[in-house]
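Chemist: Between the sequences and the hints, there should be enough to build the whole structure, so can you do that?
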Amino acid sequence: MAIIRDIMPAFELFQPATTQDALVLLDRYGSSAWVLAGGLDSFDWLKDRIKRPEYVIDLSQIKELRGIRPADGGVEIGAMTTLTEVVRDPVIREKFSILSTGAESAASPQIRNQGTLGGNVSQDARCWYYRGGWKCYRAGGNICFADTPSAINREHAIFGADRCVAVNPSDTAPALIALDAKMVIRSTKGERVVDAEDYFIGPAIDITRMTVLQPGELLTAIRIPSTWAGAQFYFEKIRDRPVWDFPLVNIASATVATGDKIDRIRIVMNGVAAHPLRLKEVEAAVTGKPRNAETAEMAGKMAIQGAEPLRYNGYKVPLTRNLVKRAIRGVEETKWAS
Amino acid sequence: MYDQHYGVALAKRFHHNKPPTILDAPVKMEWAALDIPDPETPVGAKGIGEPPVGAGCMAIINALTDALGDEVIRRAPVSADEILASLELGRPAGESLTAHI
Chain Y
1 MAIIRDIMPA FELFQPATTQ DALVLLDRYG SSAWVLAGGL DSFDWLKDRI
51 KRPEYVIDLS QIKELRGIRP ADGGVEIGAM TTLTEVVRDP VIREKFSILS
101 TGAESAASPQ IRNQGTLGGN VSQDARCWYY RGGWKCYRAG GNICFADTPS
151 AINREHAIFG ADRCVAVNPS DTAPALIALD AKMVIRSTKG ERVVDAEDYF
201 IGPAIDITRM TVLQPGELLT AIRIPSTWAG AQFYFEKIRD RPVWDFPLVN
251 IASATVATGD KIDRIRIVMN GVAAHPLRLK EVEAAVTGKP RNAETAEMAG
301 KMAIQGAEPL RYNGYKVPLT RNLVKRAIRG VEETKWAS
Chain C
1 MYDQHYGVAL AKRFHHNKPP TILDAPVKME WAALDIPDPE TPVGAKGIGE
51 PPVGAGCMAI INALTDALGD EVIRRAPVSA DEILASLELG RPAGESLTAH
101 I
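Residue numbers (the working numbering), protein chains in the order written: chain Y, 1 to 338; chain C, 1 to 101.
Do not rely on the hints blindly, as some may be mistaken.
Now the in silico label distances, taken between C-beta atoms and shown as ranges [claimed, not checked]: (1) Y:E297 to C:M58: 34 to 40 Å; (2) Y:I50 to C:M29: 41 to 47 Å; (3) Y:G259 to C:P20: 40 to 46 Å; (4) C:R75 to Y:N292: 40 to 46 Å; (5) Y:G133 to C:D66: 42 to 48 Å.
Using 30 Å as the maximum straight-line C-alpha spacing, the simulated BS3-like pairs for lysine-lysine come out as follows [said to hold, decoys possible]: (6) Y:K189 to Y:K325; (7) C:K28 to Y:K135; (8) C:K12 to Y:K51; (9) Y:K63 to Y:K95; (10) Y:K182 to Y:K325; (11) C:K46 to Y:K47; (12) Y:K51 to Y:K63; (13) Y:K51 to Y:K189; (14) Y:K135 to Y:K51; (15) C:K12 to Y:K325; (16) Y:K95 to Y:K189; (17) Y:K95 to Y:K289; (18) Y:K135 to Y:K325; (19) C:K18 to Y:K51; (20) C:K28 to Y:K47; (21) Y:K135 to C:K18.
Hints were generated in silico from the structure; no laboratory data involved.
Everything numeric in this text was worked out from a predicted model, so none of it was measured.
All residues carry an ideal CB built from backbone N, CA and C; glycine is no exception.
Modeler: In structure tokens:
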């Protein structure tokens, strides 16, 4: 009888019913524990047999991590809330619609029914060398396979290449940074709240992680303050197919303007660096200026300063420039022509 | 899709090859038939399964070449990003005989 050895390696599965139970388990097993939310990122790793955790902690039974509730004039979204729930929530659609637009552009309807918001912001890079199990810097090795003259790097980064040129593939991440969201992280040692902007880290801080989550920590909720409620939003995601694909480049911006003049603005791009980029210099430069073509031109040129394209991703530079121009002018070209 | 240096397959999963979905199909399509019966079959019918795909693809590539000049695209598959990169640079951005995937 054939003995099948090519199966997913056995792990011990825990399905705690409360957050505290989950935290105790995470504390006990430390870095050998794997947190399972919707499973859309985890199963790629597990089925390819590249990551072989001994303990998997499934959060699907924890009711307190789900749901969207009002908090302090804004909303608090449980980390296990599915993307579909985020898309459909009336309060988010009314006041923070950039998050529902961003979440709706993620993947496909089936994936959005299962995928969670916490998972979408914490997801790992999609560089196919890294995902194929090649031992690169991000995997703990000491080489980058994508940043070479012959590598297939069409979807990789144009900014901040620091031993790793993979990009953050999330669509909700730039929307949350534009809304100045706060990430609530809990461990057995207590709770800490991190600004969305600081939640995502680049290779300079820790090349093996995309977020500040340490082993033993859990992202439990995302709080959106009322700061940008009802602002003028612009979200656009560039991808090869109208559905499923990760962003090649995407942009999320929130603008508060009096008449034509920009009072305050946040512009965040993703798909161009290892973490979502908040274009602070561009924001500072356009504050107080009118939302016209001249400001947009200036902002676009400024946004691409310092871009270092690789062999195959030079097209991301004009895309970045043009998306920033569109965000400044607030052109509603976000509907796909069908 | 293979890495050019190591020769290892990178596109291992279905989604890496990005198969078109129903949302890629145009909503409005027009077609016409010549309505000339095939003289070599008993009823004049003829199977037309695969050849029109190639013809359609090349018709579009001809149109792109007409717009961009001869050196930018010399083979299929063509993706929007090589066109954008070439327009931005003002000259062909990639190697025209290498598939840009």
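Chemist: State for each hint whether it applies.
Modeler: How the hints compare with the structure:
1. Y:E297 to C:M58: 34 to 40 Å: holds (38 Å)
2. Y:I50 to C:M29: 41 to 47 Å: Roughly 42 Å apart at Cβ, these two residues keep to the hinted range, so it holds.
3. Y:G259 to C:P20: 40 to 46 Å: Holds - the Cβ-Cβ distance for Y:G259 and C:P20, about 44 Å, lies within 40 to 46 Å.
4. C:R75 to Y:N292: 40 to 46 Å: Holds, since C:R75 and Y:N292 (Cβ atoms, about 42 Å apart) stay within the stated range.
5. Y:G133 to C:D66: 42 to 48 Å: holds (44 Å)
6. Y:K189 to Y:K325: Since the Cα atoms of Y:K189 and Y:K325 sit roughly 45 Å apart, the hinted pair is violated (cutoff 30 Å).
7. C:K28 to Y:K135: violated (47 Å)
8. C:K12 to Y:K51: holds (17 Å)
9. Y:K63 to Y:K95: Distance of about 25 Å is within 30 Å: holds.
10. Y:K182 to Y:K325: With a Cα-Cα distance of about 27 Å, the restraint between Y:K182 and Y:K325 holds, given a limit of 30 Å.
11. C:K46 to Y:K47: violated (45 Å)
12. Y:K51 to Y:K63: holds (28 Å)
13. Y:K51 to Y:K189: The given pair, whose Cα atoms are some 27 Å apart, holds under the 30 Å limit.
14. Y:K135 to Y:K51: holds (12 Å)
15. C:K12 to Y:K325: Given that 30 Å is the threshold and the Cα spacing comes to 37 Å, the pair is violated.
16. Y:K95 to Y:K189: Measuring from Cα to Cα gives roughly 34 Å; hence the hint is violated.
17. Y:K95 to Y:K289: Holds - the C-alpha atoms of Y:K289 and Y:K95 are around 25 Å apart, at most 30 Å.
18. Y:K135 to Y:K325: Distance ~39 Å between Y:K135 and Y:K325 Cα, so the pair is violated.
19. C:K18 to Y:K51: It holds: about 25 Å lies between the C-alpha atoms, which stays within 30 Å.
20. C:K28 to Y:K47: Distance of about 40 Å is beyond 30 Å: violated.
21. Y:K135 to C:K18: holds (25 Å)
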